[in-house]
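*Asks:* Assemble the complex: chain A is given as a structure, and chain B must be docked to it using the hints.
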Amino acid sequence: MINEANINALLNIEDLSVEYRTDDAIFKAVNNVSLEVKRGETLGLVGETGAGKTTLALSIMGLLPKNIGFLTSGRICLNGQDLAKLSELEMQRLRGSSFSMIFQDPMTSLNPLMTVEEQIAEVLHAHNHISKEEASKKVDEILQLVGIQAGRKVEYPHQFSGGMKQRVVIAMALACEPELLIADEPTTALDVTIQAQVLSMMNDLKNKFNTSMIMITHDLGVVAAICDSVAIMYSGEIIEKGTVEDIYNSEKHHPYTVGLFGSIPNLTKKTKRLSPIEGLMPDSADLLKGCKFNDRCPMAQSICKEKEPSYYTDGTHSIKCHIFTGEIYKITNKE
Amino acid sequence: MEKVLANQSFNKINYKKRSQASFIWKKLRKSRTAMFGLVVLTLFLLVAIFADFIVDYDKVALYQDYKHRLALPSSDHLFGTDNYGRDMFARVVHGTRISFSIGFSAIGVAAASGIILGATAAYRGGWVDTIITRIMDALMSIPSILLALAIMAALGAGASNLAIAMALSNTPQFARLIRASVLTVVDQEYVSAAKACGTSDIRIVFKHILPNAIGPIMVKGTMAIATVIITAAGLSFIGVGVQPPTPEWGTLLAENREFMRTNMNLLVFPGLAIVLSALSLNLLGDGLRDALDPRLKN
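Here the protein sequences line up with chains A and B, keeping their order.
Taking my numbering, the leading residue of the first sequence gets 249, the next gets one more, and so forth.
Taking my numbering, the leading residue of the second sequence gets -3, the next gets one more, and so forth.
In case anyone wonders, no lab produced these hints; they're calculated from the structure.
Remember, predicted model here, so these are calculated numbers, not experimental data.
The reader is advised that the hints may include incorrect statements.
Computed footprint of chain B on chain A, listed as stretches where at least three residues anywhere in the stretch have a Cβ under 8 Å from a Cβ of chain B [claimed, not checked]:
| id | region |
| --- | --- |
| 1 | 307 to 318 |
| 2 | 347 to 361 |
| 3 | 371 to 377 |
| 4 | 416 to 422 |
Each computed BS3-like pair below joins lysine-lysine, with the alpha-carbon atoms no more than 30 Å apart [unchecked claim]:
| id | chain 1 | residue 1 | chain 2 | residue 2 |
| --- | --- | --- | --- | --- |
| 5 | A | K333 | A | K286 |
| 6 | B | K203 | A | K333 |
| 7 | B | K203 | A | K386 |
| 8 | A | K385 | B | K203 |
Partner residues aside, some chain B positions facing chain A, computed with beta carbon under 10 Å [what the hints assert, rightly or not]:
| id | residue |
| --- | --- |
| 9 | S15 |
| 10 | Q16 |
| 11 | R120 |
| 12 | G122 |
| 13 | Q184 |
| 14 | E185 |
| 15 | S188 |
| 16 | A192 |
| 17 | C193 |
| 18 | T195 |
| 19 | S196 |
| 20 | D197 |
| 21 | R199 |
| 22 | H204 |
| 23 | N208 |
Beta carbons are placed, not taken as given, at the ideal position from N, Cα and C, and that holds for glycine.
Just chain A, same shape as in the assembly (with noise of 0.2 Å):
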């Protein structure tokens, strides 16, 4: 059963951990994550900062910082391909034309000496042979895609507003329609209203070119807007994951992830203050042992505190945590 996922998962990651070495210290910054994205699937990794979520995005990338990210385990495998036993010129080759990604602020992610055309053609001709014609017509239907006037490509990046840099870079990342498309925090710069046309928009792309994309971010209506499941990150693990469904309509859920959407306002409910969580997340230099929520955890109980939970399961719904794998069999919980 698990063969026949896999065979349908484009991207596959397995067991997968990431360290940080630096002089002090190491820091563990992913741990053990299993993860899956099918064809034209959008997974959302949410989670609060330092959680983990970008150091997995630039490890499927390959573009963890030299001679200080490390992956010490695991596999990452694009349509059953191992991307961590390529070589640099492979990845180089992948890049761009199998997966993407775009960065969170668009005020940076563009060169400022070089023009809108110049960017977006550098991508096509560093994967096709094409004339330079060719390019400048392919940057012409790509730029129009994403909303932009093709005569504005003859600009410069400081001739743009953030909205229209950001999707200049969705152009940029989908100019050779990538399989896989990494969003790191792709709208956490904008503001509301251009939040909402910019996801509307890249939705609309993503379903166009059948593309898979992993949406990372911390905002659960952007999840809840557009995609199909979810993977929610603590301390360098998967600590849910599920549908949306999964995620939002389930009884049981992580103590974290009920912690988070405690967090967020809700119109519906009638309540007189937010309930966070408190404190913060442990240093990944110096991981907890066990449950590596235990510290924050309303419900944690003395075996949180020896024992790292397994994945309790339920058809597409994983929790890691005690609660639900029988190892505590009293629920306290009454939310």
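*Replies:* What follows is chain B alone, placed relative to chain A:
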């Protein structure tokens, strides 16, 4: 209806590209001192390039006319003549060519090798960075005029050796400067974005990193040419640089210094040439620095 019309006129807008270079030029043009520097520098460059058309080198600059030794400035000899009856104007004009070629070639080579070394150090990092930086630090610990002297002693006197010595003694400063400015650019998101699109390392360095890191080099380079011209003149003056009868500005000062009291013109004109060229380069450098400073934008 109005909306449609508005849309149509919107479509007709001619989008203009306004490059960073045109911005810099606009700001540079506003600075009077920088424009003065540019004009003087252009004149010097024209003189250097067309020296042979202005006065012939062999027939005038090197021609010794003993009947007209130590003549004062006149319509025949604009700057007068020296102890051997050679026309000073011709010698200063050809001196311009020699001084400027030493300045530009030395800085050209120093900047090019500095860019290669500095960019490699910054982009590669790790032990490559350590080795390059340590070598550059070691070279910088020797005063550059002493280093140039030592190189001249090893290579022998002459204009091309002087240029080599100047290039070598200037390289470490450029390497350091480029390393620092590349380091600030490497972390920019557009470099990661280019990588994420599968752009090759070489292209990233030449299209994304260097153009964005080159600003300080332009300023430093312009001013360093002035320093090289002065240092080269100094070395020639003390006799280890360009050798007489080649009319380098420093050489001209050296060979005429005995006549300072009687024929001041023999020292004033080469001296003025050194001062004016250095001044123009420094003024232009200052203007460029202001024009490139992002804090002073608009």
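*Asks:* Sort out which numbered hints this structure fails and list those numbers smallest first.
*Replies:* The structure conflicts with no hint, since it agrees with every one listed earlier.
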